[in-house]
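Numbering-wise (the numbering used here), the sequence shown opens with residue 7 and increments by one.
FYI, nobody ran anything at the bench for these hints, they're computed from the structure.
Errors might be hidden in some of the hints.
[Stated by the list, open to error] Simulated crosslink set (DSBU-like; lysine-lysine; CA at most 30 Å straight-line): (1) Lys18 / Lys199; (2) Lys135 / Lys199; (3) Lys168 / Lys104; (4) Lys104 / Lys199; (5) Lys18 / Lys168; (6) Lys199 / Lys176; (7) Lys88 / Lys18; (8) Lys135 / Lys72; (9) Lys72 / Lys168; (10) Lys104 / Lys88; (11) Lys104 / Lys176; (12) Lys72 / Lys88.
Everything numeric in this text was worked out from a predicted model, so none of it was measured.
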Amino acid sequence: MLWFLAARAVNKPLLVASPGETLRELLSLAGDPAFYQTVLRSLASILGGFFSAVAAGCLVACLSLKSTFLRAFFAVPLGIVKATPVASFIILALVWLKSSHLSLFISFLMVLPLVAGNVYQGLVETDGKLLEMGRTFGFGQVGLWRHIYLPSAMPYFLAACKTGLGMAWKAGVAAEVLGMVSGTIGRQLYDAKIYLETPKLFAWTAVVILLSVGMERLFSWLVERLGSHWRKREGR
Numbered sequence: 007m008l009w010f011l012a013a014r015a016v017n018k019p020l021l022v023a024s025p026g027e028t029l030r031e032l033l034s035l036a037g038d039p040a041f042y043q044t045v046l047r048s049l050a051s052i053l054g055g056f057f058s059a060v061a062a063g064c065l066v067a068c069l070s071l072k073s074t075f076l077r078a079f080f081a082v083p084l085g086i087v088k089a090t091p092v093a094s095f096i097i098l099a100l101v102w103l104k105s106s107h108l109s110l111f112i113s114f115l116m117v118l119p120l121v122a123g124n125v126y127q128g129l130v131e132t133d134g135k136l137l138e139m140g141r142t143f144g145f146g147q148v149g150l151w152r153h154i155y156l157p158s159a160m161p162y163f164l165a166a167c168k169t170g171l172g173m174a175w176k177a178g179v180a181a182e183v184l185g186m187v188s189g190t191i192g193r194q195l196y197d198a199k200i201y202l203e204t205p206k207l208f209a210w211t212a213v214v215i216l217l218s219v220g221m222e223r224l225f226s227w228l229v230e231r232l233g234s235h236w237r238k239r240e241g242r
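I would like the entire structure built from these sequences, with the hints used as guidance.
Next comes the structure, spelled out in structure tokens:
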């Protein structure tokens, strides 16, 4: 309603496209096969960076737990990544990488410190009494990790993944816009802005929002299903 009223108040589609104009443009895009190719290309790159960062972040957290030296070693670059604006990394990456790899790299870079920090925190806060009990009952390293460390770190891991998924999506699309990566959602946003196609700009923005919400819901559903399956296997 606020959007509709704003469009009526401005009464200039070049500045603010109405919900009706945006919906018509969105339906027009949905009828074009190239639309789905564009969406899939962006999704593949951004999700590739996200899942790579999740795997690398978990590895960094586990290594940091076992070695003080590695913890100090990883702390410096991860701290730099967290403190540096996304736009700076995008511009630097344009010098080092092909534009087609840009969104994957930026998504990876933005998610890595978040996952590594959260998972490490979850591992550090594992109850020492539970670890002592596990060793008393003869748990080896595999048993300790499976039955004690993993349940302790899981809430931190899931929180990091949910937040990181949104960060990866926003940072990846921003990289596509600044890098003008052809055949991507970011390039479509850039072209719509350059050619003053405001309804199309709003429509592609709606696509970004819908995909972001959809991915978060899908991830939550998958986590719930996997968690239920894991609890059944563990007899809980």
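Now for the hints, and whether the structure bears them out:
1. Lys18 / Lys199: Answer holds: Lys18 to Lys199 is near 15 Å, not above 30 Å.
2. Lys135 / Lys199: Status violated; Cα separation ~59 Å.
3. Lys168 / Lys104: Cα-Cα ~28 Å, so holds.
4. Lys104 / Lys199: holds (23 Å)
5. Lys18 / Lys168: Measuring from Cα to Cα gives roughly 38 Å; hence the hint is violated.
6. Lys199 / Lys176: holds (18 Å)
7. Lys88 / Lys18: Violated - the C-alpha atoms of Lys18 and Lys88 are around 40 Å apart, more than 30 Å.
8. Lys135 / Lys72: holds (18 Å)
9. Lys72 / Lys168: Cα-Cα ~26 Å, so holds.
10. Lys104 / Lys88: The given pair, whose Cα atoms are some 23 Å apart, holds under the 30 Å limit.
11. Lys104 / Lys176: holds (20 Å)
12. Lys72 / Lys88: holds (23 Å)
In terms of the numbered hints stated before, the structure departs from hints 2, 5, 7, listed from lowest to highest.
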